[in-house]
Amino acid sequence: MKFNRFIFANLFRKKIRLILTIGSFAVALFLFTFLAVVRSAFSRGTELAGADRLVVINRAGLINVIPLSYRDKILQIKGVKAVTHNNWFGGVYQDEKNFFPQFVIDPENQRQVMTEMRVPDDEWNNFVKDRQGAVVGAGLAKRFGWKVGDRLPIKNALYGPTKTWEFVLDGIYHNDHPGGDESQFWLQWKYFDETIPAVIKSQVGWYVVKLDSPDDAVPVAAAIDKGFANSSTETKTETESAFAAGFAKQLGNIELLILTIGGVVFFTLLLVTGNTMAISVRERVGELAVLKAIGYPDRYVLFFVLSEALVIALIGGLIGLGLAVLAIPVVGAALRGLLPPLLLSVSVLSLGLAFAVFVGVASGLLPGIGAMRLRVVDALRRV
Amino acid sequence: MIRVDGRSDSPSLIRVRGLNKTYRRGGENIQVLQGLNLDVDQADFVAFMGPSGSGKTTLLNLLGGLDVPSAGSITVAGDEITHMSASKLTQWRARHVGFIFQMYNLIPVLTAFQNVELPLLLTKLSKSERRKHVETALGVVGLSDRMNHFPRQLSGGQEQRVTIARAIVSDPTFLLCDEPTGDLDRKSADEIMALIEELVGKYHKTVLMVTHDPVVAARAHTTLHLDKGVLVEAERKGVLVGGVA
Ligand SMILES: Nc1ncnc2c1ncn2[C@@H]1O[C@H](COP(=O)(O)OP(=O)(O)OP(=O)(O)O)[C@@H](O)[C@H]1O
Ligand SMILES: [Mg+2]
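If you read the sequences in order, they're chains V and F.
436 is the number of the first residue of the first sequence in our numbering; add one for each residue after it.
158 is the number of the first residue of the second sequence in our numbering; add one for each residue after it.
Everything labelled a hint here was simulated from the structure, so no lab data went into it.
Heads up, the beta-carbon is just placed ideally off N, CA and C, and yes, glycines get one too.
There could be a bad hint or two in this list.
[Unchecked claim] Here are the simulated SDA-like pairs of lysine to any residue, each with C-alpha atoms no more than 25 Å apart in a straight line: (1) Lys-437(V) - Asp-328(F); (2) Lys-645(V) - Phe-538(V); (3) Lys-449(V) - Phe-438(V); (4) Lys-450(V) - Phe-270(F); (5) Lys-437(V) - Leu-246(F); (6) Lys-281(F) - Tyr-735(V); (7) Lys-625(V) - Thr-597(V); (8) Lys-359(F) - Ala-375(F); (9) Lys-450(V) - Gln-271(F); (10) Lys-516(V) - Pro-649(V); (11) Lys-590(V) - Gly-640(V); (12) Lys-449(V) - Met-304(F); (13) Lys-636(V) - Asn-544(V); (14) Lys-449(V) - Thr-268(F); (15) Lys-437(V) - Ser-301(F).
[Unchecked claim] Chain F regions said to be covered by chain V (calculated; three or more residues, Cβ under 8 Å): (16) 221-231; (17) 275-283.
Kindly generate the complete structure, drawing on both the sequences and the hints.
Structure representation (structure tokens):
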């Protein structure tokens, strides 16, 4: 294109301004990508969760427990292949900051239901035999440098007076799904149920139900809830994805938070670059007028301004995306256990680039139209 | 032959009849041009003079198709430009008019060569053809050795010569100059005027120029005074005409 040189020459008029504008794009795009990755990390829990599993919780809410006796009744329902149950343990390892989810699991059925979380057989057998045994996700083990055989004291205040529970790390699980959760800590149901005060024994947090076929999800869920209707503890059965989403929501309205921050970033960038483009056009009103006088059509002038904005957006955007590609694995490693794994996908990167292009064009549009409408005689008179 | 009485019978290159321009300002009409007539032939060189605010720039803008008159007609080489659409007029300017303004002329981030090349980027000329034309134009203005200089590396006179090269590079029908020496010292002004004279004498260019400077105006074949919205012939090659000074 014969106008390339002209467009690029114009970019370098004010080098500091160019660098600052490109910098704004880079920072905004980095932030945008980061937010998009966090958001997709939270919704991935929902997407990846097997559609062939259901979660049964207390109708009164997730923090209320359900009797262990429901297990057998659920198993009898047609279409149910296996049932396991969990409790939220909620202990603290060394320091509050070291948060990771701790689940009380039922070793007899865990592997039949949570099929994607794989533990080597020898490790699993040790765990089953070991009352104070624990299994942790590979990510969690890496985070704290734990090895099989390590002793892990966990302080807990949720069940009776605060005390330290002693565990021995027997096994490490890996998730078959790329980016799937590897941050949990599992402890034995028997150890848990024996240790807690009598009044809260034999109560589980929730059941996870494995189905014969995903097609049965709707009728089975209805059958479970109907079976316990009008009892002292009514149930609510939902897909695992809905459960995961509900869990994440307990941490706060992450979606809204991310969208709000994203929106602020977007409008700030738009205002900053729009203002810069407007100033840069205003500065060369005389030159633009001369261009028009010597025969450049109005649409060319618009095209020049838009191209300039677009080039800035693309360069800044690519730098920002590049930074994100470098930084997200590092940040993700630092936040392991606090956030679901951060995965940078091609679709997030393309979305980021589209975002940059959109802001670029939008910021160039008003100044560009102004330049297009500029009347030569007025511009040359305006000394 | 330059005439201002509107009675020329032979078809002239530039033919202006009954030109009116009225501006509205604050609810008031300001009549700047009032029934102005002008005939200019190929290779004529005419200077417009007149007090500030008399309408010289207004006239030049109308002749160059940068503005439209309130009434009257302008015909250039047989084309009546007063009724052209804005985009037609833009195309017409690119083909027929070479502009030399007092300021803002050059793009500071482009070299002399690139500035002169600008009008040619709108044509279908190939890169090597463009280069040939630009080199010729810069040669005519005597800046072959400054092709890769940026405007800030040139003197005011050299900048104005680059502007002239840009104005002639696409071989337009006529040149319009609005105070081309307004920002220059005497010596540079003389050089620019010698160059413009050469364009007229040697290359048969038609030049219409506005100036405040009688010495500069004296270089033209004819000096016309803008007075009460019409042109009056003041001087023809050193001979005073009609007693208007
Ligand atoms: N866009 C406009 N709106 C209103 N009035 C205008 C406009 N353009 C020019 N005028 C008026 O028209 C008159 C002629 O202006 P013009 O610029 O043509 O004069 P000039 O002879 O070129 O003056 P100078 O020697 O100072 O350059 C002036 O009174 C000016 O104020
Ligand atoms: Mg003027």
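- Task: Assess, step by step, whether the Cα of Lys-449(V) is no farther than 25 Å from the Cα of Thr-268(F), and give holds or violated.
- Result: Between Lys-449(V) and Thr-268(F) the Cα gap is close to 17 Å, so the pair holds against 25 Å.
- Task: Would you check the hint for Lys-636(V) and Asn-544(V), treating anything up to 25 Å between C-alpha atoms as holding?
- Result: With a Cα-Cα distance of about 19 Å, the restraint between Lys-636(V) and Asn-544(V) holds, given a limit of 25 Å.
- Item | Given pair status - Met-304(F), Lys-449(V), alpha carbons within 25 Å | holds, 23 Å
- Message: Against the 25 Å threshold, does the CA-CA distance of Lys-450(V) and Gln-271(F) hold or violate the hint?
- Response: With Cα atoms ~20 Å apart, Lys-450(V) and Gln-271(F) stay inside 25 Å; holds.
- Query: Does the alpha-carbon distance linking Lys-645(V) and Phe-538(V) stay inside the 25 Å limit?
  - Reply: holds, 18 Å
- For the pair supplied as a hint, Lys-359(F) and Ala-375(F), is the alpha-carbon distance within the 25 Å limit? Between Lys-359(F) and Ala-375(F) the Cα gap is close to 18 Å, so the pair holds against 25 Å.
- For the pair supplied as a hint, Lys-437(V) and Ser-301(F), confirm whether the alpha-carbon distance does not exceed 25 Å. Holds. Lys-437(V) to Ser-301(F) sits at ~22 Å (cutoff 25 Å).
- Item | Claimed coverage, the segment 221-231 of chain F by chain V - three or more beta carbons nearer than 8 Å | holds (count 3)
- Examine the segment 275-283 of chain F: at least three residues should have C-beta closer than 8 Å to a C-beta of chain V. holds (count 4)
- Given the hinted pair Lys-625(V) and Thr-597(V), is their alpha-carbon gap at most 25 Å? Status holds; Cα separation ~19 Å.
- Message: Next pair to validate is Lys-450(V) with Phe-270(F); report whether the Cα-Cα distance is within 25 Å.
- Response: OK: Lys-450(V) and Phe-270(F) at ~23 Å, within 25 Å.
- Task: For the pair we were handed, Lys-281(F) and Tyr-735(V), check the Cα-Cα distance against 25 Å.
- Result: holds, 16 Å
Checked against the numbered hints given earlier, the structure satisfies every one of them.
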